[in-house]
Amino acid sequence: MGTTSVRERAAVLAGRAAGAAARTLRLGGGTALPGLVAARIAPDLVERLAAGLRAGTVTVTGTNGKTTTAHLLSAIARHAGMEVVANRSGSNLERGVIATFVESKTPSAGEAGVAERRLGVLEIDEAAWPSLASRLRPRVAVFLNLFRDQLDRYGEVDSVAEGWRAGLRALASGAGSGATLVLNADDPSVAQLAEAWPHRVLAFGVDDPRVALPAPEHAADARFCVCGARFAYDAVHVAHVGRWRCTRCGRARPARDVAALAVETAGEGARARVAVGGREVELALPLAGLYSVYNALAAVAAASALGVAPSSIAEALAHATPAFGRQETFDLDGRRVRVLLAKNPAGLNEVVRTLETAGPPLRLLALLNDGIQDGRDVSWIYDADVERLAPLAPTLVCSGDRADDLALRFALAGVEPAVVERDVERALDRALEATPAGARLEVVPTYTAMLRVREVLARRSGRRPYWAGERS
Amino acid sequence: MTMRGGAGGLAGGALRVVSLYGDVMNVYADRGNVIAVGARARERGVAVEVQRVGIGDPLPEDADLVLIGGGQDREQRRIAEDLAARGPALQRWVDDGVAMLAVCGGFQLFGRWYRDTSGVELPGAGVFDVTTVAPGPGWPRCIGDVLATSTLADVGEVVGFENHGGRTYLGPSARPFARVTFGHGNNGEDGTEGALRRRAVGTYLHGSLLPKNVALLDHLLAGALSHRDGREVSLPALPAPYAARAHAAAAEVARRRAPAFARDARPAS
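Chains as they are written, first to last, in the numbering used here: chain E, 1 to 472; chain R, 1001 to 1269.
Here chain E stands alone, though its shape is the one from the complex (with noise of 0.2 Å):
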């Protein structure tokens, strides 16, 4: 930006000196209080910091794997050369958004070219993407899925698919319109919002049919197409995403840009072929799990709309880590800790059936909280098929404020816990104690309980705070 306003300046030394403060005096990573000091001095601090990404930017939205893809998009935009600008983990409203800005390093005069290489990457909270994509004007916009979460928090599913479609419809009339839209092609919430958009579009999904389930799970949301019509599937990967059309108008999930043409999800991580830009590259990712190959699809498509070559997508894969909470694993006393954030029943779905794929034995810690952020209404966990872990007779300890009604939950599903302790450093203690050396130890909190077991599990083992840590 060539002309930094006083006040632009003053808000960012402000928002700057309120996150060291907030540290300094311990009030948890200070990821939120730097935007909201700074926006209070400048309010169109969005748009103007916005325009000093050169690069452009990059929005990643969804109901699940928002942190994962952009972190895994971050990882091939700097091994392209790129200087990334991510969000933190979890800060994806306006605040969050405008303290990443802020705490950003600015490229000094002496770093000529720099500047045209800064892009952003940020993940930006469903409900928030409307207001913010207006402000932000991204160059790529990504949409993962739309899954019920937090119901008592986001209102109904339906009005924010109709939020994005306004806030799409808004961008596609104004300047915005240079964007292009990266989007999820099996997930018929999202592929329909093509319809909305008549400018360029980039489309992923998976086409291997080994991966189908054999019927929508019962929390399946997009049942019906906007014409009224229930959808028919030829295939269902995950929910109500696979290979869906409608049975009355026609509409179908559409051609895919990016595409898993082969898919092995059993071990650690996970295994693809994807057809990219009339290529194929064969992807090795550190993640387990059907849902993480469809964050990696996201994060190559997003990348190719960038002008990435799709084998320096494929290389800078191969070094990728987890994000933070989202498959972490941690060495403890000579085992093995895997941590699973699971946050809404179709996210759980997919960390049950990444343990399924696991196999047993199976020991696991459960966490359930009900924070805001986690949602206050725990009631969603009786959409989750926890009944599919049954089978594997896991030694099972429930935990967090609400381990009484997943404790309760568990039993229903024919999974007697072991333990139900709310103290999640007890928790551990005692599913630490049920793992024998060389073993794993699988933990699958929600939102705020996973940052309170990461943060014990990162002491134990040494690891540094995740405000420490590398951005995103």
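In short, the hints are calculated from the structure, not lab data. Keep in mind that the hints are not guaranteed to be accurate.
Claimed, not checked - Covered stretches of chain R, going by a simulated chain E footprint (3 or more residues, C-beta under 8 Å):
#1 1022 to 1028
#2 1200 to 1213
#3 1242 to 1252
Unchecked claim - Okay, the calculated bits of chain E under chain R, using three or more residues with CB under 8 Å as the criterion:
#4 143 to 153
#5 211 to 224
#6 376 to 389
#7 405 to 412
Ideal Cβ placement from N, Cα and C applies to all residues, glycine included.
Once you've looked at the hints, dock chain R against the given chain E.
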């Protein structure tokens, strides 16, 4: 799911449970109620057959227990006409002593009518003498933890989570299912929660409701067995330790953070 065994459980054949629109009215996890009925019946040695009835599907000839959950506005509009057409059959059933549980959107549509924001009235099934009005713009949804005391003596304290825009009012022949201590209840004005008619219970409470309100679960099961056997059936006490602890935890949360009932569900002035 068909289960057998246990003394007296098969006196009249399997308990016939009808789950209405389970694939559409499913967004607030009311599936937990179906799961809890199956598990509790199994514990009590009662065989259960669940029949899922969707849009356009015929109702079975008879049933002992009918369950319906909540859905999104769009889904409620989708089923409203189909459900209203079943009104006479459902009313016959309820008068014949069939047990029912209608939650949230299902409760609204089991009433006489639902008037949306544009003033259009959707007809209901008429099981409960209640009417529901979608409030005008500016009125907040009623969202949060609920602690209530049931008017059913054998049910007592009830815990759950409500999330509804519509305000429901009891007609002259309806009696409330519960009185709200914490939360909003039917309309945020009169302190009532839900409605009753014979063995049918309407309520706004999710949670899922039946897993952690075992007294209500047993009340409905006893009602369903009474209908099946044609005589008043009372169930022996049977402990439910996980449910009791989850109930206590939810009650503690409601006391801590839900607003005490104070006619607060009004627009900000």
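Going down the list of hints, with the structure as the test:
Residue count for the stretch 1022 to 1028 of chain R with a Cβ under 8 Å from a Cβ of chain E: 5. That meets the three needed, and the coverage hint holds. Counting residues of the stretch 1200 to 1213 of chain R whose beta-carbon sits less than 8 Å from any beta-carbon of chain E gives 5, enough to reach three: the coverage restraint holds. Under the rule that three or more residues need a Cβ within less than 8 Å of chain E, the assignment of the stretch 1242 to 1252 of chain R holds, with 7 such residues. Note: the stretch 143 to 153 of chain E has 3 residues with beta-carbon separation from chain R under 8 Å; the three-residue rule is met and the coverage holds.
Using a Cβ-Cβ cut-off of 8 Å, 4 residues of the stretch 211 to 224 of chain E lie near chain R, which meets the minimum of three, so the contact claim holds. Figure legend: the stretch 376 to 389 of chain E, annotated as covered by chain R; annotation consistent (8 residues with Cβ-Cβ distances under 8 Å, at least 3 required). Counting residues of the stretch 405 to 412 of chain E whose CB lies closer than 8 Å to any CB of chain R gives 6, so the stated coverage by that chain holds, three being the minimum.
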